[in-house]
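Work out the full structure, taking the sequences as your base and the hints as a guide.
So the sequence lines, in the order shown, correspond to chains A and B. Taking my numbering, the leading residue of the first sequence gets 1, the next gets one more, and so forth. Taking my numbering, the leading residue of the second sequence gets 1001, the next gets one more, and so forth.
Hints were generated in silico from the structure; no laboratory data involved. Any given hint might turn out to be false.
[Claimed, not checked] Straight-line C-alpha distance at most 25 Å; calculated BS3-like pairs for lysine-lysine:
id : chain 1 : residue 1 : chain 2 : residue 2
1  : B       : K1073     : B       : K1334
2  : A       : K69       : A       : K130
3  : B       : K1337     : A       : K121
4  : B       : K1069     : A       : K54
5  : A       : K225      : B       : K1265
6  : A       : K283      : B       : K1300
7  : B       : K1300     : A       : K121
8  : A       : K17       : B       : K1073
9  : A       : K293      : B       : K1298
10 : B       : K1069     : A       : K121
11 : A       : K114      : B       : K1073
12 : B       : K1265     : A       : K293
13 : A       : K293      : B       : K1300
[As the list claims (entries may be wrong)] Here are a few chain B residues that sit away from chain A, every Cβ distance over 12 Å (derived from the structure):
id : residue
14 : T1042
15 : R1114
16 : Q1263
17 : P1368
18 : K1389
19 : S1396
[To be verified] Quick list of simulated restraints, FRET-style, between CB atoms:
id : chain 1 : residue 1 : chain 2 : residue 2 : range
20 : B       : N1101     : A       : A186      : 52 to 58 Å
21 : B       : T1392     : A       : Q286      : 32 to 38 Å
22 : A       : D174      : B       : S1205     : 34 to 40 Å
23 : B       : E1047     : A       : D217      : 49 to 55 Å
24 : A       : A186      : B       : I1048     : 44 to 50 Å
25 : A       : A186      : B       : N1065     : 45 to 51 Å
26 : B       : L1061     : A       : L22       : 57 to 63 Å
We treat Cβ as the ideally placed atom computed from N, Cα and C, and that holds for glycine.
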Amino acid sequence: MSETESSGDECVLKCKKPAFVLYRNREEWKDVVPIPQADVHNAVVAINYSEKFKDVYDYLRAVLAKQEKSERVLKLTEDALNLNPANYSVWQYRREILRCLKIDLRRELVFSAKMIHQHPKNYQVWYHRKAIVEMLGDPSAELELTKNDLEYDSKNYHAWQHRQWVVQTFGMFDGEMVLCDTMIEADIRNNSAWNHRFFVMSNTTGFTPQVVAAQVDYTLQQISKAIHNESAWNFLRGILCQTKDGISGNIKVNTFCENLIASNNISPQLLAFLVDINMALAKEDQQAREKVKELCMQLATDVDTIRHNYWNYLAQTV
Amino acid sequence: MANGRDLKLIKDFRFDEENVSTVTSIEQINVEDNCEELLYQTGLASEIEPDLPVLNRKQHLEFLNSSLKYLPKGYEVLDSSQPWLCYWILHSLSLLENPPNAEVSSALVARLARCQTESGGFGGGPGQSAHLAPTYAAVNALCTLGTVEAMALIDREKLQKFLYSLKNADSSFSMHHGSEADIRGVYCALSIARLTNIYTEELFSGSAEWIVRCQTYEGGFAGVPGMEAHGGYAFCGLAALFLMGQEDLIDFPAFLRWAVSRQMKLEGGFQGRTNKLVDGCYSFWQGGAFPLINLILKTKEGMPMPLSLLFNQEALQEYLLICCQHPRGGIIDKPGKSQDLYHTCYGLSGISVAQFGFDPSHPTVIGPPENKLVPCHPLYNITSESAEKATTYFQSLPCPCPGRLI
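Structure (structure tokens):
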């Protein structure tokens, strides 16, 4: 909403948002006596509230005291939430008003989308949306909403969490693997996308041998592009650990790792993975035990020195 | 004085982009550019001035004491976190061994009292409904104040009923009535219950199993089952299990592997999730898991004794002291960010863990001895001294009769 500098008053009036009128100066609110916060004269940790903040919240306290639930209070809660979207008490009261007045919840979804867009890392805006979707029983806008938010911040925890809740609650897994493919294609290091991949598999196909084989191929392909990418290695470990052969029992994976070593393509993540493979074999296999110690030494002294305390400790435990 | 890394060689630890440029790598390289410069310059400077880096106590105290009085308009968005503001300031001051005087202390108790609700829990501000997070913060703040006046403010019977009222059918805890349930809920409830001696087995039955569902394939804990492993939630999960004596329910090697991998090899600080950026606050959320990890290792049969915490305690202090001290006081997330009370609290807590987390009587201190803080209790994140005082006080009071009230 831009304000034009030139042009006449007419254009300025059209383009500019109306100036905020304090509630205490509004005719239609004359019947309400505002209530200031209980500790208006705080001696300690006193927030220096603006005039507008005090005004809006003084009126909110007043309507809360008499439990007024009306359209005008709905608008008041909107002002209050724009000033502090983390006020969970106001969100709760707003939901009570929506229920009481039987407001069209689709209208509320629009408001919710706006708040999410403005405050994407806030807990309350996302919980509110979940509550509205639950009341409506309609998830049809949710995949698009979360996808749009993820376009701004591909790792927004709240967005992923909301999406997981939607697909799980309403059984909407169909497009989810493709979403993961797309997001991993866009950023191979997007750990949230890799996590979602695991989540989708857990809730749909499970970890059957055929499915795991296909996913192993996919993951090894991704690892080949960037052998330092921990997300892919963690995913590989995760799916193998779901199979009965475990992390050490997959020939393709073992060969892949050996080839990287042979061609001198070393990364801390590769060596750490080999440590895990050999740890799994270590109980029965003396050679594996020696290999663990050798790898840990290499990691501690050369390849991954920040973690030397851990690698040295691990070597002692085998 | 402990020996840190040779910071003149810090560029050896740069991220390897491998010719695959993505948003993740671009952002990581950007952060490393800033941190490398600061770390390298300190490496050079400490050849002449061996007593580097210095904890800027004076500036931090100025920032904290000023915040004790007055917070600017920007803090309006924390109007529902007023007990948190009190806790962040008080805990930071206690780590710097500079508690408020008796008058201010009393005023703070009164301030927190105005956030207390009929239900026994605390809200984010006067008149706001009770919520587990500000309740956790209020309890920690009151225990940090440590006076009988402060601790007696807590209505233990009502508080216990409040905790009961938030437990869900699946044994998770909601943050407040009609709200989200995630792993923070059970941690806050347990921390409150244990500190104030209102814990009952019945209250938390089933909760350990719910927490275990939050452990992911990466080894860390998510906020809810299915989601990504995350430092804040990982701390909540591990500490909560500890507080129930159920820490052996998790896949421990997987957790340890995930936790150590979160330390950034160049910056020295911790990231919250795989392939994300370093942030000073994870110094506590991630770093704080390690004293607990060592406690677990000590109880495991046949395991060797660790000779330190299993992360790089020196590098973490280097990150915080060199990259995260704001010139006007306060600690920051990473270079380029502004200071705030949350990052100050968790940054200082992280320094305390890195110094005292292995052996409180033989701290590992980067920089001059004046950099030494005081030990922190790794489960509650108040000072060990405050925790002892509080548990002594509350243990002398009987645990309220548990009653499951609807």
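When the hints from earlier in the document are held up against this structure, which numbers fail?
Per hint list: 7, 10, 15, 16, 21 and 26 violated.
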